[in-house]
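**Student:** Start from the sequences, fold in the hints, and give me the full structure.
This note's numbering puts the first residue of the sequence shown at 551, with every later residue one more than the last.
Keep in mind that the hints were calculated from the coordinates and are not lab data. Think of the CB as a built atom: it goes at the ideal place given N, C-alpha and C, for glycine as much as any other residue. Please note that the accuracy of each hint is not assured.
[Stated by the list, open to error] Here are the simulated distance ranges between beta carbons:
| hint | residue 1 | residue 2 | range |
| --- | --- | --- | --- |
| 1 | Met601 | Asn716 | 54 to 60 Å |
| 2 | Arg613 | Pro703 | 17 to 23 Å |
| 3 | His693 | Met601 | 20 to 26 Å |
| 4 | Leu690 | Leu647 | 19 to 25 Å |
| 5 | Ala611 | Glu675 | 56 to 62 Å |
| 6 | Asn659 | Met601 | 15 to 21 Å |
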Amino acid sequence: MAHPRELIRKQAVTILLGATNAGASVYASRVAPLISNGWQSELPAIIVYTMDESGEIFTQAPREYLRKVELVVEIHAEGNERLDDTLDTLARQVEHLLLMDDTLGGTANDLQYRRSRMVLLDQSEHLTGACRIIFEAEYLDRHPDDFFNETLPDFKTLTTAYSLDNAQTNPADRAQTIIEDLNP
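**Tutor:** Listed below in structure tokens is the structure:
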């Protein structure tokens with residue numbers, strides 16, 4: 551069973567893939583595109599990942615958490631005289647596409663823009679720039695989840711014994727009901 555963060559990331563990639571000026575250079579990993587040789591030829595590129603997450607109890611029983619995760623969309627572009635314009639254009643495309651459906655196809659309860667940060671990266675032979683857009687995705691997460699119920703044995707027999715106002719102190723005198731074969 552996939553973690554909700556994974557579903558949120560992959561849905562964001564699905565929405566962005568081929569829909570921006572980055573074309574098919576959209577990745578659901580912060581490592582894969584940057585470690586390949588010649589990745590600069592794929593610029594502009596978009597990298598989608600999650601960072602910090604927090605949670606609070608939303609429902610006590612069954613226990614359900616309201617979780618908030620930072621969904622990061624990082625845009626990389628070639629460091630030339632059009633860098634800022636390229637980053638701004640792509641940032642606007644990303645914001646528009648992701649915020650059109652603030653549930654990301656039902657993978658989140660809500661998606662909100664939080665902040666952006668522009669940086670110039672000069673650590674390699676190729677000068678590049680990046681724009682990191684941070685969204686906050688909220689989702690509900692139940693524990694135990696549905697998988698827990700699949701691991702429980704079938705409920706086959708129900709036995710009850712009761713005493714009216716505890717008047718029957720001897721267990722043999724108490725009323726008793728047994729229901730069997732509940733899940734044949």
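**Student:** Which of the listed hints are not met by the structure?
**Tutor:** Failing hints: none at all.
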